[in-house]
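**Q** Quick mapping for you: the protein sequence lines, in order, are chains C and F.
Heads up, the first sequence is in my numbering, so the first residue is 1 and it goes up one at a time.
Heads up, the second sequence is in my numbering, so the first residue is 444 and it goes up one at a time.
A hint or two may mislead.
Stated by the list, open to error - Cut-off 27 Å, straight-line C-alpha distance, at most; resulting in silico cross-link-like pairs (DSS-like, lysine-lysine): (1) K237/C with K666/F; (2) K86/C with K326/C; (3) K326/C with K363/C; (4) K666/F with K86/C; (5) K325/C with K268/C; (6) K268/C with K326/C.
None of these hints come from the bench; they were simulated from the model.
Since the structure is predicted, the reported quantities are computational estimates derived from the model, not experimental observations.
One-letter residues, chain by chain:
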Amino acid sequence: MSTTYDPADPYAGSRETTEGRVYTVTGGDWDVTLGADPHGEERLVVNMGPQHPSTHGVLRLVLDLEGETVTKARVVIGYLHTGIEKNTEYRNWVQGTTFVTRMDYLAPLFNEAGYCLAVEKLLGVEAPPRAQTIRVLVMELNRIASHLVALATFGMEMGALTGMTNGFRERELVLDLLEEITGLRMNHAYIRPGGLAQDLPEGSVEHIREFLEFFPKRVADFHRLLTGQPIWQRRLKDVGYLDVTGCVALGVTGPILRAAGLPWDLRKVEPYLGYQTYDFEVPTADTSDAWGRYLVRMSEVNESLKIIAQALDRLEPGPVMVEDKKIAWPAQLSLGPDGMGNSHEHVAHIMGQSMEALIHHFKLVTEGFRVPAGQVYVPIESPRGELGYHVVSDGSTRPWRVHVRDPSFVNLQATAAMSEGGMIADVIAAIASIDPVMGGVDR
Amino acid sequence: MSNDGGAVVPGREEAGYDASTAPAGGFRKGSFGVSGSGDTSGFGGLVRVEPGGAVALHSTDRPYGGWFDEVTDALIEAVGEGTYAAAVQRVLVDRGEITYFVAREHLLTLVRALRDDEALRFELCSSVSGVDYLDSGGPAVAPGRPRLHVVHHLTSMTYRRRIRLEVAVSAEDPHVPSVTGVYPTADWHEREAYDMFGIVFDGHPALTRILMPDDWDGFPQRKDYPLGGIPVEYHDATIPPPDTRRAYR
Numbered sequence: 001m002s003t004t005y006d007p008a009d010p011y012a013g014s015r016e017t018t019e020g021r022v023y024t025v026t027g028g029d030w031d032v033t034l035g036a037d038p039h040g041e042e043r044l045v046v047n048m049g050p051q052h053p054s055t056h057g058v059l060r061l062v063l064d065l066e067g068e069t070v071t072k073a074r075v076v077i078g079y080l081h082t083g084i085e086k087n088t089e090y091r092n093w094v095q096g097t098t099f100v101t102r103m104d105y106l107a108p109l110f111n112e113a114g115y116c117l118a119v120e121k122l123l124g125v126e127a128p129p130r131a132q133t134i135r136v137l138v139m140e141l142n143r144i145a146s147h148l149v150a151l152a153t154f155g156m157e158m159g160a161l162t163g164m165t166n167g168f169r170e171r172e173l174v175l176d177l178l179e180e181i182t183g184l185r186m187n188h189a190y191i192r193p194g195g196l197a198q199d200l201p202e203g204s205v206e207h208i209r210e211f212l213e214f215f216p217k218r219v220a221d222f223h224r225l226l227t228g229q230p231i232w233q234r235r236l237k238d239v240g241y242l243d244v245t246g247c248v249a250l251g252v253t254g255p256i257l258r259a260a261g262l263p264w265d266l267r268k269v270e271p272y273l274g275y276q277t278y279d280f281e282v283p284t285a286d287t288s289d290a291w292g293r294y295l296v297r298m299s300e301v302n303e304s305l306k307i308i309a310q311a312l313d314r315l316e317p318g319p320v321m322v323e324d325k326k327i328a329w330p331a332q333l334s335l336g337p338d339g340m341g342n343s344h345e346h347v348a349h350i351m352g353q354s355m356e357a358l359i360h361h362f363k364l365v366t367e368g369f370r371v372p373a374g375q376v377y378v379p380i381e382s383p384r385g386e387l388g389y390h391v392v393s394d395g396s397t398r399p400w401r402v403h404v405r406d407p408s409f410v411n412l413q414a415t416a417a418m419s420e421g422g423m424i425a426d427v428i429a430a431i432a433s434i435d436p437v438m439g440g441v442d443r
Numbered sequence: 444m445s446n447d448g449g450a451v452v453p454g455r456e457e458a459g460y461d462a463s464t465a466p467a468g469g470f471r472k473g474s475f476g477v478s479g480s481g482d483t484s485g486f487g488g489l490v491r492v493e494p495g496g497a498v499a500l501h502s503t504d505r506p507y508g509g510w511f512d513e514v515t516d517a518l519i520e521a522v523g524e525g526t527y528a529a530a531v532q533r534v535l536v537d538r539g540e541i542t543y544f545v546a547r548e549h550l551l552t553l554v555r556a557l558r559d560d561e562a563l564r565f566e567l568c569s570s571v572s573g574v575d576y577l578d579s580g581g582p583a584v585a586p587g588r589p590r591l592h593v594v595h596h597l598t599s600m601t602y603r604r605r606i607r608l609e610v611a612v613s614a615e616d617p618h619v620p621s622v623t624g625v626y627p628t629a630d631w632h633e634r635e636a637y638d639m640f641g642i643v644f645d646g647h648p649a650l651t652r653i654l655m656p657d658d659w660d661g662f663p664q665r666k667d668y669p670l671g672g673i674p675v676e677y678h679d680a681t682i683p684p685p686d687t688r689r690a691y692r
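Let the hints inform the model, and build the full structure from the sequences given.
**A** This is the structure in C-alpha cells:
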C-alpha cells in the first residue's frame, strides 16, 4: 500500500485498502501560506461569535492568541441593535414603557422603573406609596430572576450544566409570580408613568409569601451544587481580575464593582422609591475576580428576599396611580372572556353615560399627556449596575430623546482589561462574570 | 413635526419674542400642538414660552442652592476665574439637577479639574449621550444655537453628587474633544454618539461605528434622518409610517 499523489488536491493523499480508498488529509499548509514566522511565535487571530453559546448572546469577540494566551481581546457589538431609543421619540410617553422594557430583557421591570422615574421627575409627580412599594417588590423579584439567569449561564459556560438547569428552573418560579402580577413573564409594561398598570391581583401576596418560605432552601441548594465544588472554584478564582481603580476608570458598576470591595449600591447611596427605609445589606467581596462576583450575586439574591418580605409587610391599601386625571390612564384593566382589556364598567361609562369621559379617554389615549420641557438623568441600581435614563422633553406628548446608560454596555468595555494576558478558557469566565445582556448593550 | 429649521420662525416676531430677555427657552407653538393637519382655526400660530425649556437659553442666578454652589466655587478655584468665565457659558439648575453649558475648547480643562480636584472628585463618568435639538420645541437652530449637544453625566462617588456638562456643536462642524483620556469609560459612549449623531470626538483612540454596521450611511438618531417606514395595510385600512402620521405635539 502506498500513498498516491493527487495533483488536483495537494493536501489530501489517498491509498487503496481492503476497505476501499482511504484519504489522508494532511493539512500542514500553514508554512506554505503564511511563510516562516519571523518572530518565532505563533500569533493566531480567532473569531468567536456572534453565534456562539458561550458568548452570552450575540456578542462577537476577536481574540489575538499566542498559544493559549490572549494578547488582545476586541469586542464587537451591535448585532441586536433595534433602535429602541429612536423608536421612543415617535411614541407618546406611556408607550415608551413598552419599548424600554424590551432592552435589558432579563431586567424588564428595572427598565420600566428607571424610565417611569425619569418621566415622573420631569412631570414633578410621585407615584403613590402603594405603587412605590409594589415597584420595589416586583423589581426585587426581577433581580432574583436576573441573577438566577446570570448564575445559570455562568454554570453553563463553565461546563457545569446542572447549574444551568437548576438556575433556569428556579427562575421559572419567579417568572410565575411576575406573570401572576403583571400578566406577562417578560416585557411586562407593568410600571407606568405615575404608578402601575394595575394593582396586585388577589392571592398574589400569599403566593409570594409561599415563595419566600421555600426559596432560601433553593439558594442553599445552589450553594451546595456549585460553591464548594473544587472545579468551580478553580475555574473562577483569580480569573477576570479588575480592581476598584480599573472599575471606576472603565465605568464598571454593579456586582463587579462590589466584588472589588466598594459597596457602591444606588439603593443605598442615592435611594429612590424609599429604599432607605428597607433593612438590607450590600454584599461585597474583596477578590476582584469572577469568584467574588459569583458570591456577590448569590448573596444579593438573599438580600432581595429580605426586601421582598419587608415590602409585603408594609403594603397598605391605596391607589396605585397618581390622582391627576391628566396623567393617569383613564381605564382600569380587567379580565374579560377575550383576555385582558378595559373594564366593562369603564367602557359602559364612556360609551353610554358621559361624553366628557369619552373625550378625556380619547385625548389621553391617542394624544397622551404633555411633559414640561427639560432634561433629567435618573440612575437606578439594576442587577448589572447603574441603569441611567437621560430623558429630554421639549414640552410635547412625546419624548424628545431617551438615552439609556445601560450597565451591560458599559461593563462590557472591561472585557479586554479582564482577559488580556490570561488563558483563552478564562475569557469565557470573565465574560460570564460580567453578565452582559445584549438586548441592553445594543438597544 | 414642524419644519422650521431656519432661524426665522413664522409667528415668532409677531409674538414679540426676544431670546435674550425671555425667562426661559422652551417654546410651544399652537394651541393644540397639531401641525400639518390644515388647522385653520388660527390657534396654530400661537407661540408660548415655557419655563425650563429643552434648550433653555437663560442662566440660573446664584446662589444655586444646596451643594451646587459648593461645587461651582470649587470648580472656579480649581481652573481659575478667567478660565471658568470663558469655559462655562451658563449654568442651569432645573429639577434638582445642575447643568454646565461648556465651550468645547475648555471641556478637557474642566473635566480634568472635576476628576482630580480634591473638593470635586467626579471619579465616574456615568454617561455620554448626544441630543439633536433640530426643530425641537425650543428656539430654532441658528449659528449661535447649535443643534447637536453632547451631554456628559459625571458622578462623584466620594461626595455622592451628580452634575451634567453640555457641549453644543453645529452639524457642519461637529467636533468635540474626546474625554477618553480622562475617563476611559467614555470610549464606547463616544463611539455611540458618533454612530448615532455624527459627532466627531477629537482625540478618541478609534472612533468607529459601534451599533450600526461599519458601512452605514448617515446618522440614524439625528432628527432629519429619514425613517424610511412603509405604510402597513391592515383590515382594509392603511396605517402610515410613524413619522408621517398626524402628530400631536
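**Q** Next, verify each hint and record whether it holds.
**A** Outcome of the hint check:
Distance hint between K237/C and K666/F is unfulfilled; the C-alpha atoms sit about 48 Å from each other, more than 27 Å. Proximity of K86/C to K326/C is assessed by CA-CA distance (about 26 Å); at most 27 Å being required, the pair is judged to hold. The hinted pair formed by K326/C and K363/C meets the criterion: a straight-line CA distance of about 10 Å does not exceed 27 Å. Annotation: proposed proximity of K666/F to K86/C holds, straight-line Cα distance about 9 Å (limit 27 Å).
Straight-line distance between C-alpha atoms of K325/C and K268/C comes to about 33 Å, which puts the hinted pair past the 27 Å bound. Distance check on the hinted pair: K268/C and K326/C sit about 33 Å apart at the alpha-carbon level, beyond 27 Å; violated.
The structure fails hints 1, 5 and 6 (numbered hints given earlier, in ascending order).
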